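Model the placement of chain X on the given structure of chain H, informed by the hints.
Number of protein chains: 2
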Amino acid sequence: MQLLKEKILLEGKVLSDEILKVDSFLNHQLDPVLMKEMGAEFAGRFADQQITKVLTIESSGIAPAMMTALELGVPVVFARKKKSLTLTEKVYQAEVFSFTKQEMNMITVSKDYLSSNDRVLIIDDFLANGQAAKGLIQIVKQADADLAGLGIVIEKSFQEGGKKLRESGVRVESLAEVASLKNGQVTFLSRLCKN
Amino acid sequence: MQLLKEKILLEGKVLSDEILKVDSFLNHQLDPVLMKEMGAEFAGRFADQQITKVLTIESSGIAPAMMTALELGVPVVFARKKKSLTLTEKVYQAEVFSFTKQEMNMITVSKDYLSSNDRVLIIDDFLANGQAAKGLIQIVKQADADLAGLGIVIEKSFQEGGKKLRESGVRVESLAEVASLKNGQVTFLSRLCKN
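So the protein sequences, as listed, match chains H and X.
Terminal number for the first sequence in the numbering used here: 195, no gaps in between.
Terminal number for the second sequence in the numbering used here: 195, no gaps in between.
Since the hints were derived computationally from the structure, they do not count as laboratory data.
Careful, some of the hints might be misleading.
Claimed, not checked - If you only want the chain X side, here are some residues facing chain H, beta carbon under 8 Å, derived:
1) D31
2) K36
3) S59
4) L70
5) F188
Being a predicted model, the structure only gives us computed values, none of them experimental.
Even for Gly, the Cβ is constructed at its ideal location relative to N, Cα and C.
Chain H with its partners taken away, still in its complex shape (with noise of 0.2 Å):
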């Protein structure tokens, strides 16, 4: 997405061959027009393929979720890191470990809102090991829903996550691929066969 990458290349701050930071429209700022744009993307790019739920995690998940969710017209639900204390009935749940936060949390969604009736769209801020991205397929599986797939707002291509993702049959669709942080420099993947 044209949008995306302009906007990474113009704002995104490489901190390290592996860490690329996009506080200024993602991850602590939002920027809503793009949001929506984003939102708009995804939706299209799953138009035909009936998802009933999107899935996402706290907290960054869910601005792209809720404009992707608002454009198919269907709700969010999104999986809270910490158990709250209202979260009372049965819940699924799945371990998730944040290399960036450097910490094992639970992921749990209310049984509730998922069910073996929905087809869910999972969408998710970064992909890199994938291990949020594997969290939330174990509970769309413990739910017994189905996947329609993935939708990654910005994919480290050079981490392993997506690969094998899609090597498993999962169907992932990123925004933007990035191939390198290497030298403070962003370089994007162009995948042949996609816009």
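Below, chain X without anything else, positioned relative to chain H:
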């Protein structure tokens, strides 16, 4: 806001005299159409206020803040409850006690995204004791920014947060004001001179 009140009556669960659970559309599953309506309502109420930034706190504030910011044509900044490893720059900080989770959080906003040039609308999901609101107001003050007011989805008017904030001169606009949760019943407050 009638649509929201109807949703609360239909789907809200009164867990005690103090706790109203609205996980089906605000705190775990999100209703994008309702979010859009609420965003339009907040934007309308603060339309003449020259807002330059919407400030909220992760996670449940993000969706209504996003929709408000989209209507107003300004960015959102969400305060983080934990400092991210990639949040390396100078920050504003304030302490917030969460009664729901029974824990103290240090909330953090990067100095890059809030300055003395900003006129800020704070958006949050709930207002009860006003702890989160106070923390966010402290951050607006630290940035030497102007505070236009607070937009709250559900105010628990039987708790003191809203009253104290209004007494201190802060404009608080709540879309639904819950007067009581006694006997498992949601009773709304009707303010004079308000829709």
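Item to check | Index of numbered hints that the structure contradicts, given in increasing order | outcome: When the structure is compared with the hints, only number 5 turns out to be violated.
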